[in-house]
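2 protein chains.
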Amino acid sequence: MNGAFALDRVRVVLSRPSHPGNIGAAARAMKTMGLSQLWLVSPAAFPDPVADARASGAVDLLESARVVATLEEALAGTVLAAAVTARRRELSLPRMTARAAAVELVRWSGRGDLALVFGNETSGLSNEEVGLCSMPVTIPTNPDFSSLNLGAAVQLLCYEMRMAAMTPADVYAGDPQPQVATHDEVEGFLAHLEQAVTESGFHEPHNPRRLMPRLRRLFARVRLEKEEVGILRGMLSSFQRKAE
Amino acid sequence: MNGAFALDRVRVVLSRPSHPGNIGAAARAMKTMGLSQLWLVSPAAFPDPVADARASGAVDLLESARVVATLEEALAGTVLAAAVTARRRELSLPRMTARAAAVELVRWSGRGDLALVFGNETSGLSNEEVGLCSMPVTIPTNPDFSSLNLGAAVQLLCYEMRMAAMTPADVYAGDPQPQVATHDEVEGFLAHLEQAVTESGFHEPHNPRRLMPRLRRLFARVRLEKEEVGILRGMLSSFQRKAE
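Chains A and B, in that order, are what the protein sequence lines are. With the first letter of the first sequence counted as 1, position 157 gets the number 157 in our numbering; the numbers rise by one all the way through. With the first letter of the second sequence counted as 1, position 194 gets the number 194 in our numbering; the numbers rise by one all the way through.
Simulated from the structure, these hints should not be mistaken for lab results. Predicted model only: the values in this text are computed from it and were never measured. Virtual Cβ for every residue (Gly too), placed ideally from N, Cα, C. It cannot be assumed that every hint is accurate.
Residues of chain B clear of chain A, computed beta-carbon distances all greater than 10 Å [stated by the list, open to error]: (1) Arg11; (2) Arg16; (3) Ala45; (4) Pro49; (5) Val50; (6) Ser64; (7) Val79; (8) Val103; (9) Glu121; (10) Ser123; (11) Gly131; (12) Thr182; (13) Asp184; (14) Phe202; (15) Arg210; (16) Leu232.
Which stretches of chain B does chain A cover? Using the computed rule of at least three CB atoms under 8 Å from a CB of chain A, they are [what the hints assert, rightly or not]: (17) 94 to 100; (18) 145 to 159; (19) 169 to 178.
Derived CB-CB ranges, DEER-like [to be verified]: (20) Pro49/A x Gln179/B: 50 to 60 Å; (21) Thr122/B x Val103/A: 33 to 43 Å; (22) Thr182/A x Ser56/B: 50 to 60 Å; (23) Ala169/B x Glu199/A: 50 to 60 Å; (24) Arg210/A x Ala169/B: 40 to 50 Å.
Construct the entire structure; sequences and hints are all you get.
What follows is the structure, given as structure tokens:
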């Protein structure tokens with residue numbers, strides 16, 4: 001089971017969205033993170049050209065969106081539904097952060113479809129809607145200004161789903177991996193450096209002033225590449241030749 | 001040093017933004033995550049009523065924004081600058097994910113100001129701009145559709161900064177913490193349950209069919225609260241009395 005499989009299993013459910021622009025923004029946010037199942041519960045206006053415009057290159061998600069009348073229909077067949085909510089509610093389940101919830105959702109993805117449920121822009125999810133879900137989820141925000149818009153909330157949750165589903169190797173795949181210098185190559189360079197600064201008089205072995213440990217510390221942080229060791233040693237040799 | 005201190009140290013630098021709406025969206029995104037220092041390098045239009053409208057309750061960040069002519073000016077005095085970029089570049093530093101970069105930035109926050117640098121909406125950061133920064137940062141996206149808009153990119157990075165700066169205790173602070181049942185209270189309930197289902201004939205001790213291990217497994221997942229143990233035991237007692 002790979003990460004993309006888990007993302008395919010996630011329904012992003014927008015309950016009673018008022019503004020078609022937010023539906024389009026949600027579709028775009030989903031697609032940037034590799035999610036594709038958009039479900040709309042009683043949208044005020046859909047389809048709508050404003051949604052298409054905001055979706056930009058993600059109009060395909062709008063075309064395949066499922067429109068249903070009730071949240072129960074959108075959740076039918078799911079095995080775990082997360083309600084995204086900013087408020088604490090009485091008698092609610094313990095809230096999870098978006099990050100913890102994403103890990104939990106991916107863990108369940110082998111068992112069936114999953115849902116991320118978002119409420120209306122103004123009123124949020126009703127207590128009844130939250131009650132239909134099995135996991136309340138909160139995006140940590142500034143307590144003095146927690147005004148995340150719907151598109152931003154969808155973006156953050158889908159991002160956390162991608163981060164939970166994918167491995168670091170997926171993320172860095174295709175990046176150039178320059179050959180890192182081995183321990184002995186670095187030690188060879190440091191010996192060459194010590195020789196050169198001793199010859200130049202900058203390093204006085206009888207009065208070392210911790211020069212070599214400081215230079216060693218600097219290059220330890222750099223994590224030299226093979227090619228760089230070659231460049232640096234060539235540079236040292238040029239100083240040595242010039243001085244002869 | 002607390003988490004809010006680290007967030008105060010972060011300059012969000014937008015280089016050559018074309019659309020004032022994106023400046024407003026960035027300000028709102030920053031404020032939701034507790035960041036406040038907005039720097040603008042040669043914005044096409046600023047101040048602008050469109051920026052104010054999109055900022056919603058975060059107009060204060062626009063009012064205190066610093067407008068400068070060059071990226072060098074925006075980075076003066078910073079000790080670590082992260083360049084947010086979608087592309088791999090030749091001879092660049094190894095890329096970090098947004099999450100790893102946020103942890104690194106918070107680690108440096110005791111040493112001076114930090115910068116998160118975002119490029120122009122269409123052209124991104126130039127190679128020269130990336131070269132002025134010490135850490136290229138990438139937000140993992142769907143390789144087939146990586147079209148994050150500027151506001152979304154700022155939102156995700158600021159969220160990762162908040163997640164890196166704050167502790168889980170900050171996030172859950174103020175949530176009700178119902179009293180969880182202790183081990184012995186749960187065991188007392190399970191013994192009571194076994195007694196009741198034996199009396200009712202549902203559990204046959206000579207033919208147990210793994211009933212009690214299954215019920216034990218169920219309640220282990222629930223992590224019962226004290227009050228719930230009281231409710232469940234009261235319910236069992238009512239069944240037992242009714243049967244007498």
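Beta-carbon spacing of Ala169/B to Glu199/A - inside the hinted bounds 50 to 60 Å or not: Holds, at about 57 Å.
Minimum Cβ distance from Thr182/B to chain A greater than 10 Å, as the annotation requires: With a cut-off of 10 Å, Thr182/B remains clear of chain A, as the shortest Cβ separation is near 18 Å.
Assertion that Val79/B lies outside the chain A interface [Cβ separation over 10 Å]: Val79/B is indeed farther than 10 Å from all Cβ atoms of chain A, at 14 Å.
Verdict on Ser123/B as a residue remote from chain A, using beta-carbon distances over 10 Å: holds, 17 Å
Range hint 50 to 60 Å (beta carbons of Pro49/A and Gln179/B) holds or violated: With a Cβ separation near 54 Å, Pro49/A and Gln179/B satisfy 50 to 60 Å, so the hint holds.
Consistency of beta-carbon spacing, Val103/A to Thr122/B, with hint 33 to 43 Å: Taking Cβ atoms as reference, Thr122/B and Val103/A lie about 36 Å apart, which means the hint holds.
Reported absence of Arg11/B from the contact zone with chain A (all CB gaps over 10 Å): holds, 17 Å
Given coverage of the region 145 to 159 of chain B by chain A, checked by CB-CB distance under 8 Å (3 or more): It holds: at least three residues are needed, and the region 145 to 159 of chain B offers 10 whose Cβ sits within less than 8 Å of chain A.
CB-CB spacing for Ala169/B and Arg210/A relative to the 40 to 50 Å hint: Since the Cβ atoms of Arg210/A and Ala169/B sit about 41 Å apart, the hinted range of 40 to 50 Å holds.
Minimum Cβ distance from Pro49/B to chain A greater than 10 Å, as the annotation requires: holds, 19 Å
Cβ separation check - Val50/B to all of chain A, threshold 10 Å: holds, 15 Å
Verdict on chain A covering the region 94 to 100 of chain B, criterion of 3 CB contacts below 8 Å: Three-residue rule met by the region 94 to 100 of chain B, so holds; n is 4.
Consistency with the previously given hints is maintained throughout, with no hint failing.
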